[in-house]
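These are the residues of each chain, in order.
4 protein chains.
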Amino acid sequence: MNPENTSDKLEGIIVPMVTPLLSNGELDRKGTERLIRHLTHGGVHGIFILGTTGEASSLKPAIKKELIEITCKETQGQHLILVGITHTALDVSLKIAKTAKENGADAVVAAPPYYFSLDQEDLFKYYIKLADLSPLPLFLYNFPVMTKNTLEPETVHKLSQHPNIIGIKDSSGNGVYFQKLLALKKVKPEFSVLIGPEEMLAQSVLSGCDGGVSGGANIFPNLYVRLFEAAKNRDFEMISKIQPLILEISKNIYGCSPKTSSYLCGVKESLYYLGICEPHIAPPLQSVNAQAKETIIQNLEKIIFKIKTI
Amino acid sequence: MNPENTSDKLEGIIVPMVTPLLSNGELDRKGTERLIRHLTHGGVHGIFILGTTGEASSLKPAIKKELIEITCKETQGQHLILVGITHTALDVSLKIAKTAKENGADAVVAAPPYYFSLDQEDLFKYYIKLADLSPLPLFLYNFPVMTKNTLEPETVHKLSQHPNIIGIKDSSGNGVYFQKLLALKKVKPEFSVLIGPEEMLAQSVLSGCDGGVSGGANIFPNLYVRLFEAAKNRDFEMISKIQPLILEISKNIYGCSPKTSSYLCGVKESLYYLGICEPHIAPPLQSVNAQAKETIIQNLEKIIFKIKTI
Amino acid sequence: MNPENTSDKLEGIIVPMVTPLLSNGELDRKGTERLIRHLTHGGVHGIFILGTTGEASSLKPAIKKELIEITCKETQGQHLILVGITHTALDVSLKIAKTAKENGADAVVAAPPYYFSLDQEDLFKYYIKLADLSPLPLFLYNFPVMTKNTLEPETVHKLSQHPNIIGIKDSSGNGVYFQKLLALKKVKPEFSVLIGPEEMLAQSVLSGCDGGVSGGANIFPNLYVRLFEAAKNRDFEMISKIQPLILEISKNIYGCSPKTSSYLCGVKESLYYLGICEPHIAPPLQSVNAQAKETIIQNLEKIIFKIKTI
Amino acid sequence: MNPENTSDKLEGIIVPMVTPLLSNGELDRKGTERLIRHLTHGGVHGIFILGTTGEASSLKPAIKKELIEITCKETQGQHLILVGITHTALDVSLKIAKTAKENGADAVVAAPPYYFSLDQEDLFKYYIKLADLSPLPLFLYNFPVMTKNTLEPETVHKLSQHPNIIGIKDSSGNGVYFQKLLALKKVKPEFSVLIGPEEMLAQSVLSGCDGGVSGGANIFPNLYVRLFEAAKNRDFEMISKIQPLILEISKNIYGCSPKTSSYLCGVKESLYYLGICEPHIAPPLQSVNAQAKETIIQNLEKIIFKIKTI
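Residue numbers (our numbering), protein chains in the order written: chain A, 124 to 433; chain B, 124 to 433; chain C, 124 to 433; chain D, 124 to 433.
By construction, these hints were calculated from the structure, which means they are not laboratory data.
Any given hint might turn out to be false.
In this list, chains with the same sequence are indistinguishable; a pair is considered to hold if it fits within one copy or across any two.
[Said to hold, decoys possible] List time: in silico DSS-like cross-link candidates among lysine-lysine, alpha-carbon distance up to 27 Å:
#1 Lys425 / Lys382
#2 Lys188 / Lys252
#3 Lys355 / Lys308
#4 Lys153 / Lys309
#5 Lys382 / Lys355
#6 Lys252 / Lys221
#7 Lys218 / Lys355
#8 Lys355 / Lys183
#9 Lys153 / Lys308
#10 Lys311 / Lys196
Keep in mind it's a predicted model, so treat the numbers as computed, not measured.
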């Protein structure tokens, strides 16, 4: 990927891919291959591996390497591959970036280091160093619920002037913040701004953002692609048909348990039910209970039926 | 106001009116009258007094009563009047509601009590009791940064079935939350959903909300009315002209100081500069410094100039 | 009370008295009188009415006035009376202070205003103004979980130089913060520093603080007096006998429900069981359920038995 | 170290050793050796490497390995060595534990994984798995400001029954929480409870804890050893001489800048001034500015002088 023409490429639905795992904690290689084909078949514009949905923080280095290799090999250049390199240690992030580069990925994505609380000066200098050293274009990733550290709009604005920083994914859910990010596009239109929470996808694309990193696209890749296109084309009728389903997926697939793992189990159990990959998750997260899993599947069936009627 | 036909009325720009104060802490009666005429002239759809922008929590009961009287008298039924009754003690809230009713206001607005942390059951029972006893229709108000307590979408859904609860203003800034609120409108279209942060006004109206409670409408009432109408009419070209000004007001009028009072002083200093009312604020907030005040005015002049060019 | 000799007086166990309420929300006058006699009989050094435990934020002005009158009349100068004046509006706080003065109370207590977030400059100026205008000596009250605003040690240090500010109650539970407060006593020994959380009472008195504002002293006034004296006399053997009971009260009386009201219901249900006053609490808090109430009483009986064996 | 007799050993001052770094980010080996000799000479009871003060989260695996090797070699069994293994991925933690075991360390220390929010069930299962698989005894580490996840006292109580879990270090600063931890010692006296914040060291030892993990012991090892012994011997006079110095170190060495790195730079700049090791810190933290460094040294000199007078 050439940073100069990223504005053509980094838009649309970028799936934050789950990491299929076997019960012994190792990578479910067959499941991973099936999942990638499922996503490609659904028409997504890119795949983002080793993000929060990809449980990157819970995986050992060897699995990260293996996943990068398989994903790059399996997609064969059919769509973009972004690789999460978020870590508390700069050197560890750079090592993953190097592996991503060697395997042909297109860009890397980094949320702020998440152990210490950092001020905007710390964050700015950290990202400049990371961007200077990264062998691939860098995507910023704002997710303060996880990292405690917010990339303020002013900092993003300054960072956007670095030639190797090409965009930002915002998972804060903060609508005011997101409007301030979108203002950057007036100055630098090729800087890609993507929305994390899929409930906000349609409204954000209507407001001028470039696309979404939608976890539900693991299950229903084409549904999110259609929503993105509807919003891009200002097709309010189609939006009003799809948006309720997006909220239903959020409520009835992700929200079946009070546990933190509820969202992740919602996605993985759905994929397991669809015969795509194993449902296991890595510690420290623990699965939702059997009843929640059952509810997920019941709700999934209803949603599958509704999707067919659109 | 008849709750049955609120869907006709509670939409558009509802101004969260500042409370003009003299330097001795008493109400600036002349300023209040001028401000109301300024808002009416700007074509706003309603006025919300004694909210956060109205510094309700900092005012003594006598000033609250005086403000209700003047506002109701001055508007003469030209637009809706909503009166904030947020307080930690139920009886105090009801007393203000009674005054509002006696003076002819249309509805009352209550954020959750804000001393104790409350769970959803506490909040539900509290609001049911408040709605049962309130002599005027009740508007919910979600503002967790101030109150610590969030009205979860499920709780709002349940509360929306009470005949005396007619809508909600959300100032959380949470885009996911707001989409979940909007889903309530599929079930009960006449339940009014208003957005607080004005940076989100256009996108929220595009998504189906009924309007905004926009602080900046104190200064530029017609600008916000025009943005509301543009969004309602899906006039993307007009939105793209006005939205940058909204963000500029947010950044350069409200954001001139790191102090909490920065937003409030931004509004009040602007109104003072425009000859409408006195700029004083009530303790415990302290004014921004002289330099910040000067910057506000410089930025205000630029924005006034830009507005003329739209 | 003469501010010049407060160091003689403001030490020991100051009970944050609950406000006995009837089922109709009015003051349980008989219960209040019995409670005050119960506390006096237990040998406490002072009574603090209208604090957090006193549900001040939930009470209407008339009840506050009534409670001040009864308490001042009933105690007849046998111990100190402190009156909470915490409110978001300065004028309202001062009005309560005036009532306290008129009825013969000894001091007033004010936590920071709790609607807006305030910086240290805001807090400093607010307290200076309050101290200037208060007709009674002022006690600071730090309780950031409730008020969101922390009185930093440097601010307390500066405020301690005001002749009408005589001490601080810290309910933060922060052990580092409390050590920094105690350092003030090296400079101004007569500045009274009291600890809120009773689990920290013994260790804090060993560290040099002047006493505690212990909610459990509503139920067992003498137990807390004995713990205070043991700590003051560095009687480690006695401390090691009482401290486990303090923790048992905390866990098994206050901790019987996940609701916010759990602590308050623990105290009020115990007092009800002991025949002292009615157990009702004011909205917005809702009582714990019947099962939790039963558990409270079962645990109370065990604790009463154990206290007898000390 | 034999878990059966840890009660003899895991008490006193355990220094959370800084990781001396060269300007190129590599380990300052000479400085590390000098620092260990400095600590040993000061009479500390143990060294805890790769904790928060050790910047573990910012270091690449190779430096961690190198530091474990040097520390174990240099101390030659003169005191305990604890090795931090905190990480978001279980396998990575276990790999460090294995290295620690191979080099002869005595125990490992693990704070909760710090990316996802975890409930108590997640935390319990995580620690049981970690304790089952760890080749060395495991110390729990509570530090919610960093990890977002609190190990509730009930969870610690349950975990304390695992034969390979030998104690806890609490850096929450929460005095109520700490008293609840100390209650565990009534049931299992050999379970070691250590306090993190050094401002609370004396009061905590007076309350029955086993010692402290005091960052200032990097600079002044013997001062903290003396304070520990004074508290253990209930020598209130000596405590009252040393405690003000502890607070002065906290305020004037750690608090010279608003940056997060202020504490760490305070320690490292002091060690640099004393000729012990290089002062560099690892990204993402950025050093305090030159003026703050100067102030640190000026304040350090005053404190050195005062220590001599005790």
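Copy assignment of Lys252 with Lys221, given that the CA separation must stay at most 27 Å: Result: close within a single copy only, 15 Å intra versus 32 Å inter.
27 Å Cα threshold - placement of Lys355 relative to Lys218: neither (37 Å within a copy, 48 Å between copies)
Intra- versus inter-copy proximity for Lys355 and Lys382 (alpha-carbon distance at most 27 Å): neither (35 Å within a copy, 39 Å between copies)
Intra- versus inter-copy proximity for Lys309 and Lys153 (alpha-carbon distance at most 27 Å): neither (44 Å within a copy, 42 Å between copies)
Identical-chain pair category, Lys355 with Lys308, by Cα at 27 Å: Intra 16 Å, inter 24 Å, cutoff 27 Å: intra and inter.
Homo-oligomer pair classification [Lys196, Lys311; C-alpha up to 27 Å]: Neither, since 33 Å and 50 Å both go past 27 Å.
Homomeric proximity label, Lys188 with Lys252: Cα distance no greater than 27 Å: Both: 23 Å inside a copy, 25 Å across copies.
Homomeric proximity label, Lys425 with Lys382: Cα distance no greater than 27 Å: Cα proximity of Lys425 and Lys382: one copy only (23 Å, versus 35 Å across).
Intra- versus inter-copy proximity for Lys308 and Lys153 (alpha-carbon distance at most 27 Å): Neither: 40 Å inside a chain and 44 Å across chains, both beyond 27 Å.
Lys355 and Lys183: within-copy, between-copy, both or neither at 27 Å Cα: neither (39 Å within a copy, 43 Å between copies)
Going through the hint list in order, the structure does not satisfy hints 4, 5, 7, 8, 9, 10.
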